[in-house]
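Participant: Chain by chain, the residues:
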Amino acid sequence: GQQLNQSPQSMFIQEGEDVSMNCTSSSIFNTWLWYKQEPGEGPVLLIALYKAGELTSNGRLTAQFGITRKDSFLNISASIPSDVGIYFCAGTPAGNMLTFGGGTRLMVKP
Amino acid sequence: DVKVTQSSRYLVKRTGEKVFLECVQDMDHENMFWYRQDPGLGLRLIYFSYDVKMKEKGDIPEGYSVSREKKERFSLILESASTNQTSMYLCASRPDRGRGAFFGQGTRLTVV
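In order, the protein sequences belong to chains A and B.
Everything in the first sequence is counted per the working numbering, starting at 198 for the first residue and increasing by one.
Everything in the second sequence is counted per the working numbering, starting at 97 for the first residue and increasing by one.
Hint data in this document are derived by calculation from the structure and do not stem from the laboratory.
Fair warning: there could be bad hints in the mix.
To be verified - Example chain A residues on the side facing chain B (calculated, C-beta under 10 Å, incomplete):
1. Gln200
2. Thr228
3. Gly263
4. Leu295
5. Gly299
Idealized CB from N, CA, C, for every residue including glycine.
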């Protein structure tokens with residue numbers, strides 16, 4: 198199935214820095230989802246977006262559904278060591294199928 | 097909170113064994129999915145089900161089958177386990193009409 202283009206693949210940042218990652222698609226999506234996965238665990242849903250232009254926050258996390266409906270970004274402000282993990286975007290082009298990005302591995306240096 | 101529970105966190109099976117991975121969700125979701133996750137390959141869809149007794153092949157169904165006899169339970173079956181099926185297996189469920197998908201904690205299967 199189609200994979201979303203997620204970038205960057207990995208980031209190594211200093212504690213306290215802000216982080217931004219994004220996903221793009223060649224087709225229009227109806228829903229964008231952002232997940233975090235820690236080692237040995239299943240992905241946990243962080244933010245869900247349902248309308249073009251929607252901007253939603255969850256604590257230090259903010260995500261937006263792009264106006265073109267072909268992209269989404271996730272920002273993390275003032276990163277802390279427990280933000281470490283792999284962040285995945287996912288979307289639904291139509292129906293109930295999910296398409297996933299390749300993930301962004303985030304590493305935070307204390 | 098939505099709860100998706102996979103029956104085992106870790107499994108070790110021998111080549112040729114028949115393996116059952118069970119997934120149960122408690123939110124009356126219509127749709128359930130099985131993925132496998134491998135380094136560098138991301139999440140790949142094996143099978144999904146949009147209703148009881150209904151199933152559809154995903155991207156990599158070979159060597160697997162599924163069963164959905166009840167709405168809350170979706171089972172993944174490895175008919176004859178092989179070493180290339182060593183992987184992290186993730187179950188997810190999702191209601192119709194969007195509202196996100198929720199994952200279980202994963203089952204790390206090792207086939208020796």
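Participant: Run every hint past the structure and note whether it holds.
Facilitator: Going down the list of hints, with the structure as the test:
1. Taking 10 Å as the C-beta contact cut-off toward chain B, the hint placing Gln200 of chain A at the interface holds, the least distance being around 7 Å.
2. Because the closest C-beta pair between Thr228 of chain A and chain B is about 5 Å apart, less than 10 Å, the hint holds.
3. Because the closest C-beta pair between Gly263 of chain A and chain B is about 17 Å apart, greater than 10 Å, the hint is violated.
4. Interface hint at Leu295 of chain A: satisfied, since its Cβ lies 6 Å from the closest Cβ of chain B, which is below the 10 Å cut-off.
5. The closest approach between the C-beta of Gly299 of chain A and any C-beta of chain B is roughly 5 Å, which is under the 10 Å cut-off, so the hint is satisfied.
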